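Peer 1: Dock chain V against chain P, hints included.
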Amino acid sequence: EAQVTQNPRYLITVTGKKLTVTCSQNMNHEYMSWYRQDPGLGLRQIYYSMNVEVTDKGDVPEGYKVSRKEKRNFPLILESPSPNQTSLYFCASKESSAYEQYFGPGTRLTVT
Amino acid sequence: GEDVEQSLFLSVREGDSSVINCTYTDSSSTYLYWYKQEPGAGLQLLTYIFSNMDMKQDQRLTVLLNKKDKHLSLRIADTQTGDSAIYFCAEGYDMRFGAGTRLTVKP
Numbered sequence: 172e173a174q175v176t177q178n179p180r181y182l183i184t185v186t187g188k189k190l191t192v193t194c195s196q197n198m199n200h201e202y203m204s205w206y207r208q209d210p211g212l213g214l215r216q217i218y219y220s221m222n223v224e225v226t227d228k229g230d231v232p233e234g235y236k237v238s239r240k241e242k243r244n245f246p247l248i249l250e251s252p253s254p255n256q257t258s259l260y261f262c263a264s265k266e267s268s269a270y271e272q273y274f275g276p277g278t279r280l281t282v283t
Numbered sequence: 030g031e032d033v034e035q036s037l038f039l040s041v042r043e044g045d046s047s048v049i050n051c052t053y054t055d056s057s058s059t060y061l062y063w064y065k066q067e068p069g070a071g072l073q074l075l076t077y078i079f080s081n082m083d084m085k086q087d088q089r090l091t092v093l094l095n096k097k098d099k100h101l102s103l104r105i106a107d108t109q110t111g112d113s114a115i116y117f118c119a120e121g122y123d124m125r126f127g128a129g130t131r132l133t134v135k136p
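Chain order of the listed sequences is P and V.
For the first sequence, my numbering assigns the number 172 to the initial residue and increments by one for each residue that follows.
For the second sequence, my numbering assigns the number 30 to the initial residue and increments by one for each residue that follows.
Just chain P, same shape as in the assembly (with noise of 0.2 Å):
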């Protein structure tokens, strides 16, 4: 089945442990992305990647680093969460010429 799976779906950890979100999609996706849901803000764009190797920032980076070694993977990494993070998280991939995006369930993380 095509998709996209995060881990893990649902996190609670403490200001300044360092954490990752993993990202894994099996369709062979060029482009993948990173964002955060909160309330009234809809969905921000964090971090994004054309290829392996390549990435760029979206439009709230801060706090985040990503990594793409690999095509089918893109790990979200928080080297020193804060609770501002304190958000819903989704994976998203696309081949680089398609419109639809497909997401992954999301990852609820609460930063204490």
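Take these hints with a grain of salt, some might be off.
As the list claims (entries may be wrong) - With a Cα cut of at most 35 Å, we get these calculated DSBU-like pairs of lysine-lysine:
{"id": "1", "chain 1": "P", "residue 1": "Lys228", "chain 2": "V", "residue 2": "Lys65"}
{"id": "2", "chain 1": "P", "residue 1": "Lys242", "chain 2": "V", "residue 2": "Lys65"}
{"id": "3", "chain 1": "P", "residue 1": "Lys189", "chain 2": "V", "residue 2": "Lys99"}
{"id": "4", "chain 1": "V", "residue 1": "Lys85", "chain 2": "V", "residue 2": "Lys135"}
{"id": "5", "chain 1": "P", "residue 1": "Lys228", "chain 2": "V", "residue 2": "Lys135"}
{"id": "6", "chain 1": "V", "residue 1": "Lys99", "chain 2": "P", "residue 2": "Lys228"}
{"id": "7", "chain 1": "V", "residue 1": "Lys85", "chain 2": "P", "residue 2": "Lys228"}
{"id": "8", "chain 1": "V", "residue 1": "Lys85", "chain 2": "V", "residue 2": "Lys99"}
{"id": "9", "chain 1": "P", "residue 1": "Lys189", "chain 2": "V", "residue 2": "Lys96"}
{"id": "10", "chain 1": "V", "residue 1": "Lys135", "chain 2": "V", "residue 2": "Lys65"}
{"id": "11", "chain 1": "V", "residue 1": "Lys99", "chain 2": "P", "residue 2": "Lys236"}
{"id": "12", "chain 1": "V", "residue 1": "Lys99", "chain 2": "V", "residue 2": "Lys135"}
{"id": "13", "chain 1": "P", "residue 1": "Lys188", "chain 2": "P", "residue 2": "Lys240"}
{"id": "14", "chain 1": "V", "residue 1": "Lys65", "chain 2": "P", "residue 2": "Lys240"}
{"id": "15", "chain 1": "V", "residue 1": "Lys65", "chain 2": "V", "residue 2": "Lys85"}
{"id": "16", "chain 1": "V", "residue 1": "Lys96", "chain 2": "V", "residue 2": "Lys85"}
{"id": "17", "chain 1": "P", "residue 1": "Lys236", "chain 2": "V", "residue 2": "Lys65"}
{"id": "18", "chain 1": "P", "residue 1": "Lys242", "chain 2": "P", "residue 2": "Lys189"}
{"id": "19", "chain 1": "P", "residue 1": "Lys188", "chain 2": "V", "residue 2": "Lys65"}
{"id": "20", "chain 1": "V", "residue 1": "Lys85", "chain 2": "V", "residue 2": "Lys97"}
No wet-lab data here; the hints were simulated from the structure.
These numbers were taken from a predicted model, which means no experiment stands behind them.
Peer 2: Same frame as chain P, but now just chain V:
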């Protein structure tokens, strides 16, 4: 940056039509989209329209695009309780999203 704006809430009665509106600012956007998010789930592409189109109809869904006013709307005919969800308007290749409109359908 460029903005995509939507009203946050819409409530309709079952069987009525729903119209969700969106305005955007990037006139160079080639694609405009409507995504649906059901409670506790990710986003699913509902429909899309290319910027050279004025209207697109897909079963109960009608998308209208007024490029001059940068206004996009989604009309859902014969709205059902299963249509209750958050609807996001988005534009462009990198998908800039609006805040989402929470549609509540009352029986």
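Peer 1: Which of the listed hints are broken here?
Peer 2: Hints 3, 5 and 9 not satisfied by this model.
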